[in-house]
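Once you've looked at the hints, dock chain B against the given chain A.
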Amino acid sequence: MTLQQPALPATAVARPARRRDRGRLFQEIGMLAPAVVLLTIFLVVPFLLSFWTAMTNQPLVPRPTPVRFIGLTNFLRILKDDLFWTSLWNVSRFTFWVIPVQCGLAFATALLLHQKLPFRNVFRGMFFLPAITSMVVVCVIWGTLFQYPTGPLNQILGFLSAGRIQPIDWLGDPNWAMFSIVLLSAWQAYGFQMIVYLAGLQGIPDELYDAARIDGANAFQRFWHVTMPGLRPTHVFVLVITTIQAFKLYTQVAVLTQGGPKSSTETVVHYMVRTGFEEQKLGLASAVSVILFLIVLVIALLQRQLLRRFDV
Amino acid sequence: MGKRLLQALVASAALGVVMAHAEARTVIQVMHQGDPGWVTTYGDVAKRFEAANPDVDVELIYAPHDAYNEKFSAAVMSKQLPDVMELDAPFLANYVWSGYLQPIKPLIDKDILDDMTESNIAQGTYPIDKDLYAVGLTDSSVVLYGNRKYLEAIGARIPKGVDDAWTREEFEGYLGKLSKLEGVKWPIDTFRGYGIKTEWITYAYGPILQSAGCDLIDRKTWKSVGTLDSDPCVEALTMMQTWVKNGWVVPQSSGTNQFFAEGHPAALAFGGHWIYAEAAATMKDDIVVMPLPKFGPKGASPNGTWIWGITTASEHPDIAGKFVSFMLKDKQYRDYAREDSAYPGLKSFAADSPLYSAGGPMAVAFEQASKTAIARPPHPAYPAITSAFMGAVDEIFNGGDVKAALTAAAEKIDEDIEENDGYPPFDEQQ
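Chains A and B supply the protein sequences, listed in that same order. Each residue of the first sequence is one higher than the last, beginning at 0 in numbering that gives the first Met the number 0. Each residue of the second sequence is one higher than the last, beginning at 0 in numbering that gives the first Met the number 0.
Here chain A stands alone, though its shape is the one from the complex:
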């Protein structure tokens, strides 16, 4: 996929060209400058600042007591806090469940909507609707659906099983709460992955399918030997994006369970917001954010390495 640059004869790159190069260099710097300046101010500086804050006892709001440099105390305290490890475990659980559900759902609908159905675009729009609905709104609605013991979801289950399935305390039972959040999260967000898959599917040339058909491949064989290899980059992209999103799980927890019951839905970001805003320990919260950054970085690098091995 690398672009081959036509090699210029060495003699053509003589002195006059170098001056032109310098001119172009200034031009390039000039064009880059706005983006670089903005990224520096709003991304790089805050990022470095959070490293610095993480090593102080900085409170959220000014206090009469002095701010001190306390080295790695914050990091040690987090690593000693059981709640942090619980939250990390919870996010891992969430990620492990939400990826197959969400990506599977997205892939299946994308395949379906790639067919030449009547009103295809209307259906595409409908399936995409949850993704453009605010997560908070989705949470409030699902919160009602999940209500125990008389919420709609429990009533439907009871009706379908003729009363054999007892009402489930979806959000109040530590064994169910995270699963409930997986369900609603996957439902809300799969539209984005679906669009990515649709784009991927459209990027596979029809000639390949025609050729496969001429070779006598059946529908499954066409799917397995043409569609799947053609979607490899898409799979990688979707997997990486979904993992990173999953690690940032916050809104659903903040709206529905506040980390409960029994810390079963506490997540790293929720833990960070709680230490930072509720307990007003900005230094400690910054340390959490630095740790989260390192974790996400490692995961992203690992995924890249692993998938590169599969020749993507």
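Everything labelled a hint here was simulated from the structure, so no lab data went into it. This structure is a prediction, so every number in the text was calculated from the model and none was measured. Glycine included, C-beta positions come from ideal geometry on N, C-alpha and C.
Simulated coverage check for chain B against chain A, where a stretch passes if three residues somewhere in it have a Cβ under 8 angstroms from a Cβ of chain A: (1) 70 to 84; (2) 95 to 106; (3) 194 to 201; (4) 247 to 254; (5) 389 to 403; (6) 416 to 423.
Just chain B, lined up with the frame of chain A:
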């Protein structure tokens, strides 16, 4: 042409006058929380205040109460503190210690200060300088509501007053009997539906600890280890955990009105004074108001509510004070508060609140205030105290180890105090 020009001139002159006028007006920002009915009421008070003081604009800033402190911190950080702010009483020490509030006595009408009840003064007073920093129309309490039909069915004794409150044995015996009674789905609603972040846990369940003979934190040494994780506290929360395990308590995900909802699925309610109006409207004569049970050597009940303070950032503290005085005297505001069964914090308001006067249906709540009310710890570490305790209770109600959860919470509280060098001058208070 000439006429048009004239018109334009007149218009721009008029605009200039209006703008000059607008600049001359003083703007008072008022930050508040509240249910929709209260928000409307505040809006109306502001309009009446503006009508009475044409040179003042009142700008209301609404922040929902479950994220109120977060919103307030954001205002502090962006240096956009309002002039007047509503605040939850237990957070007062933290705000005054941090330097956000100014003494309110010189700014408020004297007749209001003289009108305040003991508990109202207590909730607005900062323990270090004993000065008053906030004032409210109301205070609050929690009582035990009962459904008369169910209580008669099990032959329960109905206490006459606070001295007569149920003991722990009586209370748990009734819960057991109620759990077997036809029509009762849950013996008690402790309003877990308010969630684990809304202060309800510390406010309402904290007194159970005090009744059992311990506390969130030692109020002399300001140490939590040795108090919150002491045996009486472990015992008290083990008791509550057992109620939950027995299926006696309305679960958190079942909302907050199982006591007075259709069919009355919950027989008792460990509920705030504010649910009385709504519950009584649907249950009529079936509602019984009782004092909180005695879980140990003495009775205890919560107090403290949302009250009004004036910030140090205010450029017009006198006008801010004028607004607070105006509001507390406003007749429609008081009428709404009375309809909402608000708990009086001013004597004159108590006098025309038949609900709370002797012989009134909520008289027992007023009696509790003078006999058993215990404020939440007035210490600047309160945000850390309540956050740690709420976490522990959630853990315990969901089957966690009681001792371990309370120990962790106590350690977290002490850690916060240590980290802030003991919140001087509180460290010298011992």
